[in-house]
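Work out the full structure: start from the sequences and follow the hints.
For the sequence shown, my numbering assigns the number 21 to the initial residue and increments by one for each residue that follows.
Worth flagging that the hints you see were computed from the coordinates, not collected in a lab.
Glycine included, each C-beta is placed from N, C-alpha and C at the ideal position.
Hints are not guaranteed to be accurate.
Cβ-Cβ distance ranges computed for the label pairs, FRET-style [unchecked claim]: (1) S532 / T352: 47 to 53 Å; (2) S276 / N647: 39 to 45 Å; (3) S271 / Y403: 42 to 48 Å; (4) K434 / S530: 26 to 32 Å; (5) F385 / L604: 32 to 38 Å; (6) S619 / F329: 29 to 35 Å; (7) T255 / S459: 16 to 22 Å; (8) S252 / E561: 39 to 45 Å; (9) T266 / F329: 20 to 26 Å.
Dumping the calculated DSS-like pairs for lysine-lysine here, alpha-carbon to alpha-carbon at most 25 Å [stated by the list, open to error]: (10) K504 / K373; (11) K648 / K630; (12) K373 / K448.
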Amino acid sequence: MLSGAAKRKKKKNEEEQKKRQQGALQKFLSGSRPTAVNLLESAEPEAEPGPETRPEDAVEDAAGNAAEDAVGPSTSAPSQKDKLMEEQQPARSEPNIVLQQEPLDPERVLTSYPSDPAKWDQIDDRMHQEVDKESFILLDDHAIASLIPKIGHRVKFQKQHKELVSKMQGGTGASVEGCSVPISAQMQDPDISDTSEAPTEENEDDECWDELEPETLAEQIALFLATLRSKSAQTYSAVSFVVQQTSSLISDIVNSLQRKTLSLFGKLGHEDDPRVQELVSDFEAAASPFRGLESDFKLMQYFAKSGNFIHPLEEALPGVSFVQRRDSATGTVRQVAVQDVFHRVPLKPLLTKLLETQDILDAIFTWQQRENGVLLDFYDGEYCKNHPLFSSDVSVPLLLYNDDCETVNPLGSKVAVHKLGFLYFTIKCLPPQLLSRLSSHFLVAVYKSDDAKTYGIDSILLPVIEELKDLEVNGISLNTPRFKGKMRFSVAQFCRDNLGLNALLEFTESFSSNYFCRICKAHKTTTRTQTKEDVTLMRNEVNHAEDVRHANLSETGVRRDSVLSNLSYFHVTHNQVADIMHDLLEGVGPYELKLVLSSSIVDKHLTLEKLNFRITSFDYGFPDLKNKPSCDWKA
21 MLSGAAKRKK KKNEEEQKKR QQGALQKFLS GSRPTAVNLL ESAEPEAEPG
71 PETRPEDAVE DAAGNAAEDA VGPSTSAPSQ KDKLMEEQQP ARSEPNIVLQ
121 QEPLDPERVL TSYPSDPAKW DQIDDRMHQE VDKESFILLD DHAIASLIPK
171 IGHRVKFQKQ HKELVSKMQG GTGASVEGCS VPISAQMQDP DISDTSEAPT
221 EENEDDECWD ELEPETLAEQ IALFLATLRS KSAQTYSAVS FVVQQTSSLI
271 SDIVNSLQRK TLSLFGKLGH EDDPRVQELV SDFEAAASPF RGLESDFKLM
321 QYFAKSGNFI HPLEEALPGV SFVQRRDSAT GTVRQVAVQD VFHRVPLKPL
371 LTKLLETQDI LDAIFTWQQR ENGVLLDFYD GEYCKNHPLF SSDVSVPLLL
421 YNDDCETVNP LGSKVAVHKL GFLYFTIKCL PPQLLSRLSS HFLVAVYKSD
471 DAKTYGIDSI LLPVIEELKD LEVNGISLNT PRFKGKMRFS VAQFCRDNLG
521 LNALLEFTES FSSNYFCRIC KAHKTTTRTQ TKEDVTLMRN EVNHAEDVRH
571 ANLSETGVRR DSVLSNLSYF HVTHNQVADI MHDLLEGVGP YELKLVLSSS
621 IVDKHLTLEK LNFRITSFDY GFPDLKNKPS CDWKA
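Laid out in structure tokens, this is it:
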């Protein structure tokens, strides 16, 4: 608990600090150049008043000195102390600077940003001429907050201030010329370094909301709605409900504030002021933040116009379906032929939009250029290092994934009627922390599973393959600060479950056939006893071409050549992706684990009691509490 004298002393120091910072800002804007030594001396706390000096006189003297500093250098004769300080300072050349006739008011200049860019040009010009670096660097966030009360203007000035200070320091945190105190120390005075009210990086964007222009506000609202729609737990009807209720709530709050504000201006006699009328217009705009984005149609139109939404293309399939339609005039039901279609997202504009994002491009190049000698990713394997495209050119590997999804109750009577197939891709050269996110998986195509069975999967893959071939040869042109040039793409691997992948790559779909493996040509009787890899049985482009020409499924395990082999840098025999869930986690993994544990117990590496204790005492967490293994084995 501070005493009364301590509180008065603290308040006095705060007032003096504010005046010193105001003087520093005023000097910067007026073009004056106090020396670094003088500025450091002025930043030090004032000495306590002597016994013969009244506190009131000390406050008045401090305020008078600060006011003189704010106006500019004193024109009176220099004191003995000033002469001594000038003699101690090293000589340095001063640039020829033409100062303005009258000093600029800092608060007026700053609050006009960015509507008055000429003032900022003047500031930038002085910075290029190295005018008054010391005064500008002395400004900390606490001082700026006290000088600029409006949050939006203050945040914008702070960004400009940080950039200019960083240029002065050269990015190394060096000390200012003529100063022995490092800039990074920010004047170890506790009053000066107090930045408790300064905005942090987390809430910096939130504090700019009071200065958003109508276009920027619309972008923020659209981003809010897009985030809501991206949540899988939120239905579109729920999003519409949130929009309606939020719009009503904001409208009530803003209208109430508008009435109180206009009532106050009316009492003050400013109701006819043009600025008040402008404020009324701002209130009316803020009362309807979702105007123009109320419906799904308007929202999608906004996304498409802004360039952030890649509209899917409708591709026709070679056939029609007959559906029942009711005639509104007669009320009769008749069958109508409807063209079968599927939808796909064009890859080239989507990839261009993704890679123009600086963070993603930086992450890709950083991950590709690492060299640690550890097998962590696709890029660390021999296949990628020997690949003709990925190992030599500026390129990006794509991982394709395909699976079906049942959209209705899987136990109902309409199973497989509304079943849909989805084709996705991921950028395989992203670091693991980005690649593991759901937002890093992008939709390529969606189709009805029945159509894939009727017309074949090739009819759906052909348009995608044609675009991939163009990306292999021509790529996309990027013009970013990090990279300027052509970047090419190709398919690295294709993922799916065993049955679907065999069908996609045109191998046999029966795992009891003679040659069921898509990686090797081992007979099913050999696979039951074989424990080591036989390189002579591995599938390759040469023997696969012979199997295609032979056209005997029971003797080769190949039905025909896949459409994926039309790609220049991909072949079905290079696709060696395993189905980890069916092969290991739900396949041989549990059997192998039981054999390993049994052998460890027999060889005295582990006791049965200790194993049972570990199983029962392990914390499986709430989701898997009922799924823990029940293996109270007995010896």
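Hint check results:
1. Taking the beta carbon of each, S532 and T352 are about 52 Å apart, inside 47 to 53 Å as hinted.
2. In this structure the supplied range 39 to 45 Å is violated for S276 paired with N647, their Cβ-Cβ distance being about 54 Å.
3. Separated by about 59 Å at the C-beta atoms, S271 and Y403 break the suggested range of 42 to 48 Å.
4. Distance hint for K434 and S530: a CB-CB separation of about 28 Å, consistent with the stated range 26 to 32 Å.
5. Taking the beta carbon of each, F385 and L604 are about 33 Å apart, inside 32 to 38 Å as hinted.
6. Between S619 and F329 the beta carbons are some 58 Å apart, a value that contradicts the proposed interval 29 to 35 Å.
7. Distance hint check for T255 and S459: the Cβ-Cβ separation is about 19 Å, which falls inside the suggested range of 16 to 22 Å.
8. In this structure the hint that S252 and E561 lie 39 to 45 Å apart at CB holds, the actual value being about 41 Å.
9. Under the hint 20 to 26 Å, the C-beta atoms of T266 and F329, about 22 Å apart, fit the expected range.
10. A threshold of 25 Å between alpha carbons decides the hint, and for K504 with K373 the separation of about 15 Å falls inside it, so the pair holds.
11. In summary, the hint linking K648 to K630 is supported, as the alpha carbons are separated by about 17 Å, within the 25 Å threshold.
12. Our distance criterion of 25 Å between C-alpha atoms is met by K373 and K448, whose separation comes to about 17 Å.
Violated hints, in rising order: 2, 3 and 6; the structure is consistent with all others.
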